[in-house]
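Chemist: Chain by chain, the residues:
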Amino acid sequence: MSGNNNEQGGRLTINFRLNEKEYSLEIDPGERLLDLIRNRLGLIGAKEGCGMGECGACTVIMNGQAVNSCIIPAARADGAEILTVEGLSGGMENDLHPLQKIFLEKGAVQCGYCTPGMLLSAKAFLDKNRGREIRREQIKEGISGNLCRCTGYQKIIEAIYCYAREAERAEERKG
Amino acid sequence: MTWENYFMPSTTGEVLALLEQHQGQARLVAGGTDLMVQHRWDPLEVKSLIDIGRVPALKEIREDHGRIYVGAAVTHSQLVDSALIQGKGRVLAEAARSVGSPQVRNVGTVGGNVVNAQPAADTAIALVALDALVHVSSPGKEREIPVAEIFLGPGKSSIDPAKDLVTAFSFSAPDSRERTYFVRFARREALALPLVNLGLWLQLEEDGHALKDIRIAVGPMAVVPYRARKTEASLKGAVLNEEILKKAGHSISEEVTPRDSFRGSAAFKKRLIGVALKRGIERALDLKGVDRHER
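Protein chains in written order, with my numbering: chain A, 1 to 175; chain B, 1001 to 1295.
It is worth saying that the hints were derived from the structure and are not from the lab. It is possible that some hints are incorrect.
Stated by the list, open to error - Pair by pair, the computed Cβ-Cβ distance ranges are:
1. A/Gln110 - B/Ser1010: 43 to 51 Å
2. B/Gly1237 - A/Glu141: 35 to 43 Å
3. A/Glu81 - B/Glu1063: 26 to 34 Å
4. A/Ala170 - B/Ser1172: 44 to 52 Å
5. B/Val1223 - A/Glu141: 27 to 35 Å
6. A/Glu168 - B/Gln1038: 40 to 48 Å
7. A/Glu141 - B/Arg1067: 53 to 61 Å
8. B/Asp1175 - A/Cys162: 42 to 50 Å
9. B/Asp1160 - A/Ile44: 39 to 47 Å
By construction, the Cβ of each residue, glycine as well, lies at the ideal position given by its N, Cα and C atoms.
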C-alpha cells in the first residue's frame, strides 16, 4: 500500500517522473497536482482558470491521458509519468514541438492562457489516435474540455488537423 | 484545503480494513472529479481519504455467467473504449461518453457518478435502464441492491462512503432480442449538464415486431433518477408505429415532474422528454425515416 509515511498520517513522500525527470518529494495530503507543479516545481505553463475541472487551462498529461490537474490530489502522482507543456519539446531547450510550431503558423494562439492545456489535450488526442485518419469532428471532441475565449476555436482545430494530416503523410512516406 | 491522511490501498481487503479502523472518520474517493470541487467550496468533514483508484479488482470490466460486471473504479473513458460495453451495454457506453470532457472522463468513475446520486447522472440513468445491481462490501458484510433503490434525494444515496465500498455494478448480458439506447439533450455537447437524459432498454417478442418489455430511465425529471413506469406499462405488448410512438411521447411528458431551472423550464423539459423517448425507441430499433432530424 502506498500513501502516508506513518500510521499517524501527515506528510507523505511521492515518487514520479515529470518531463522525463525523476522526482521524490514530500507533500501535504491535501495538496493538488496543480499546486505541486506550479508552486513546488515552478513550472507555470499549466494555469488555474476555473479551479473546478471545467476550463482545461490546468491540463497536463498523466500516464498518457489528459487530466485536469486542479482536481487531482497530488498524492496520486505517486508512480506516475507526467508531461507538462514545458516538456513537450522533449528537452530541446528553446525549441518547440512541431504541434506548437503549427499553432503559431495557423494563428491558433491569441492571449495564450488556454494554449498549454490546449496543446496537451491535442497531444493526448493525437497520440491515442495515431495511425488513424482524423476528422475535424473528432478533434472538436478531443479538445472539448478546453475553453478558449479568444480564437473561436476554428484556428486551433485547423492547426491540429494540419498537424494530423502532415503526420499521416509522413507515415505514408515511411510506409 | 487539507485532510490529514491520503491512503492509496491496493486491495479491497485493505480498503475495508481502513474503513473499519477509521470508524467513519475516513471516506472513500474514486476519481475525485466531484469531491475535489465540492471540497473546495464546502470542505469535507472527514480527516482522511481512501483512494480506491489503485485497486486492480475495482478497475475490471468482465463478463461472467451471462452477466456483465463493471468495477466501481472503472473510468468513463474505460467504458467508452470497452468493446464489451460497446457491444453488450451500449446505453452505458453512450452515457459515459456524454459525461463532462475527455479530462473528466479519464478520471471520473462510474462508482462516483452513481454514489454521488445527482438526478441527471448519465451513467446512473443508463444503469437504471439496464436494471443493474450494485455490489456493496462493508466490513464483515456483502450485499447486492438494485441500483434504482439506492437513490434517496439529490446528492444523497444509501451508500455511505465512510462505511460502504461499492465494488461493482452488474447487469444481464443482452440476448439478440434486446436493445439499448441513450438520448441526451444539453446546451452544448461537452461540460454541460443535461436538460434531459433518457436511458432505454427494450426487448422484442420473438416475431421481432411487438415490444415484449421496456425500461425507461430518465433524468433530471424527479429528485432522483426515475423509471417512467406508467409509460413503460402502456408500451408493453405494443406493435410500434408512428401513432404509438407519438402517444408514448405524450404519456411520458405527462408522467414526469421536472422543475423549472436555469437550464430550462419544466414545460420545455416535459416537451423534450417526449421527443427523447420517441427518438430513443426509433434509434434503438433502427426504424427508418421516422425521425428526420439527424445530428
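Chemist: If you test the structure against every hint from before, which numbers come out violated?
Modeler: 7
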